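Note that the protein sequences, when read in sequence, are chains H and W.
Reading the first sequence from the start, the letters are residues 1 to 348 in this note's numbering.
Reading the second sequence from the start, the letters are residues 1 to 311 in this note's numbering.
Hints were generated in silico from the structure; no laboratory data involved.
Computed from a predicted structure; not experimentally measured.
Note that CB positions come from ideal geometry on N, CA and C, so glycine has one too.
Where hints are given, some of them may not hold.
[Unchecked claim] Within a straight-line C-alpha distance of at most 25 Å, the following computed SDA-like cross-link-like pairs (lysine to any residue) qualify:
no.	chain 1	residue 1	chain 2	residue 2
1	W	Lys96	W	Val52
2	H	Lys47	W	Thr263
3	W	Lys267	W	Lys233
4	W	Lys233	W	Gly248
5	W	Lys233	H	Leu120
6	W	Lys233	H	Phe182
7	H	Lys248	H	Gly233
8	W	Lys96	H	Leu314
[Stated by the list, open to error] Chain H residues, not near chain W, derived (Cβ > 12 Å throughout):
no.	residue
9	Leu98
10	Leu175
11	Gln239
12	Ala253
[To be verified] Calculated from the model, a selection of chain H residues having no Cβ within reach of chain W, i.e. all distances over 12 Å:
no.	residue
13	Ile35
14	Asp58
15	Gly202
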Amino acid sequence: MTRPGARRFRRTMVVLGVALVVTVLIAVAVGAVWIPPGATLRVLGWKLGLTGHPDGVDRAAEVILLQLRLPRVALAVLVGAALGVSGMLFQGLFRNPLADPAVIGVSSGAALGAIVVIVLGGASLAGGLIVTGAAFAGALVTTLLVYGIARVGPTIQVTTLLLAGIAVAATISALMSLVMSFSGEQIRSIYFWLLGGLGARGWSSVSVVVPFVVAGAGATLLLARDMNLVSLGEERAAQLGVEVASFKRRSIAAGALLAAAAVSVAGVIGFVGLMTPHLLRLLVGADHRRLLPAVLLGGPLFVVLADLAARTVLAPEELPLGAVTALVGAPFFLWLLRHERGRAAGVA
Amino acid sequence: MVHRRIGGIAAVLLLLFASCGETAPPRAEPTEQPSPASAFPLTITDDDGVEVTIDTEPQRIVTFAPSMTEIVFELGLGDHLVGVSGPFDDYPAEAKDVEEVGGAGDFGVDPTIEKVVSLEPDLFLTIPGGDQWKQRLRDLDIPVVTLHADTLDDLLEDIETIGSLTGAVEDAELLATRMDTEADAIAESAEVVGPVSCFFEVYYPPLTTVGPNTFIFDLLERAGCDPVTEQAKSDYPEWSVDELVADGPEVYLVTPESARSVTAVAKRPGFAGIPAIEDERVVLVDGDLVTRAGPRVIDGLRQLAAALGTG
């Protein structure tokens, strides 16, 4: 295993940070309606308190920038961070590079929760926040169910957890197909949850997700050291003083919370949780204390870029974000796997 | 199907009609409306059950449905139209020159919110569906009005509602009255011939038709047809070919969007035994005239009556 030094870590962080800032600016500046970059910068500068109120920028442009594009990009950042960190937690926990939030059924549980509310006709209540809440509840209930199945006495078998997650997710998929066949006209709102997307979301969704992402990332920071030890093997970690059972519980809780927050506002977006941590591990090494900050920049970078592509490639038509992340992510990931195989042998 | 509330009369009307439910609200009396100049601000409850207030007479209208576009043009408000949904807004020809706002969402059938905002509309007219983006538009202070017509009578009410919303009250009344008279004339001559059993194909495959609570069904009945799909439970049910053969419709109606030609229909497996096929009474009808709840449905009615032999 390569152990890149502190310099390489710092360099990666700087590159990711600059790339994220630039991407965010482009994502705010570009959209279905053309707004001159100068006007965009002046409005942003004004909002950041750097300059006075921009004269000559029409109100529609201001609304588009501040009420449509900014919250959308902010949400992309949060969803990317949440999915990335969640993926990192599950990969560390399962010591399996193929793990991601979907394996414990979080994503499908969230989608089922949302779909049931939509079919029962609650989609327009409380500005759609009922659906968000239901998605969240669905995600947590599924996680608890999978966890309950896999738990034997005080310990959980990681393999059983993985298998239980897959089986529960398959059951939920079947339930969703069933619900959808009775859904009639609501099929479109339902597809949103299955394909994922950040359209039609405003600041209210951002404020719903922020606390969960902050709490989840904070909890992960506290788990990072133990996660390094657990990657040596559970017995070894226990010998080194890690309370493995409690570590597993806390990791699952944090991972599920993060994934639930992301899915409840953006639907099921695949590949971010799988790819981001994996990719960054190749760059900064397997130390979770370094991987976490890298994922907090890399996850958002990936989702903001994917969303930018989703809404500009065929503009004004928008592509489903979940399809874009998989379509862009998967081939790149495969290329990288081959390219880095020699150097990365032994990682995870 | 809209409860109207204009000034002081409104509260009383609302109290009276509130208990009637959405299915059968009595029509508001046109004579009780104040003159167009004093009609604003105007508050209505639309067919999504949402209360909308229009502050001043709209100068920048976006229509998000071809039927709405046709109504707005027919009322002489084409100059105020700043946005339409997309390429399907093709009538009248001027509609094709108006900016398109559609194409977003997972199915490409939602409006691009940015585009709508950039047009700064003071009225956004649409049909049911898309609760999420509608809420988003409302949050951005764009007045969204949803109107839905299940029947021709509903449509005439909707046209008058659009008239009140846009300050074109008199034009809307004239249009509604004219359409009503023409539809009655068609129905009267159809009654003389007596009902003909028919089947209306929306889509194939799978064979999909219209249920009794749809706009097309209402038109079919008015044109003198007795649709064999009377007992259908949903609005656009799938219909098995077996059942169709057992129903034995005398006339088979289909749009060019669903079948390329009359002979293509006859060649479909199992269709040979249907009376309409045997008697060569399969007729292609212009879908736009019967599916778009707009001013041209009268032409649609005439076309249906001609196809049914009742006109």
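Okay, the hints, checked on the actual structure:
With a CA separation close to 28 Å, the supplied pair Lys96 (chain W) and Val52 (chain W) exceeds the 25 Å bound. For the suggested pair Lys47 (chain H) and Thr263 (chain W), the alpha carbons sit about 65 Å apart, so the restraint of at most 25 Å is broken. Restraint check for Lys267 (chain W) and Lys233 (chain W): not satisfied, since their Cα atoms lie roughly 28 Å apart, outside the 25 Å limit. A hinted pair counts as satisfied when its Cα atoms are at most 25 Å apart, and Lys233 (chain W) with Gly248 (chain W) qualifies at roughly 19 Å.
For a cut-off of 25 Å, the pair hint linking Lys233 (chain W) to Leu120 (chain H) stands: about 19 Å separates their Cα positions. A threshold of 25 Å between alpha carbons decides the hint, and for Lys233 (chain W) with Phe182 (chain H) the separation of about 13 Å falls inside it, so the pair holds. Of the pairs offered as hints, the one joining Lys248 (chain H) and Gly233 (chain H) holds, with about 13 Å between alpha carbons and a cut-off of 25 Å not exceeded. Under the criterion of a C-alpha separation no larger than 25 Å, the hint pairing Lys96 (chain W) with Leu314 (chain H) is consistent with the structure, at around 21 Å.
The Cβ of Leu98 (chain H) lies farther than 12 Å from every Cβ of chain W, with a closest approach of about 27 Å, so its non-interface assignment holds. Against the 12 Å criterion, Leu175 (chain H) stays outside the reach of chain W, whose nearest CB is about 21 Å from its own CB. Under the 12 Å C-beta cut-off, the non-interface status given to Gln239 (chain H) relative to chain W holds; the minimum distance is some 51 Å. The Cβ of Ala253 (chain H) sits about 30 Å from the closest Cβ of chain W, beyond the 12 Å cut-off, so the non-interface label holds.
Listed as outside the interface, Ile35 (chain H) is inconsistent with that label: its C-beta sits roughly 9 Å from the nearest C-beta of chain W, within the 12 Å cut-off. Interface exclusion of Asp58 (chain H) from chain W breaks down, the closest Cβ pair being 8 Å apart, not more than 12 Å. For Gly202 (chain H), the non-interface assignment is contradicted: its Cβ lies about 6 Å from the closest Cβ of chain W, within the 12 Å cut-off.
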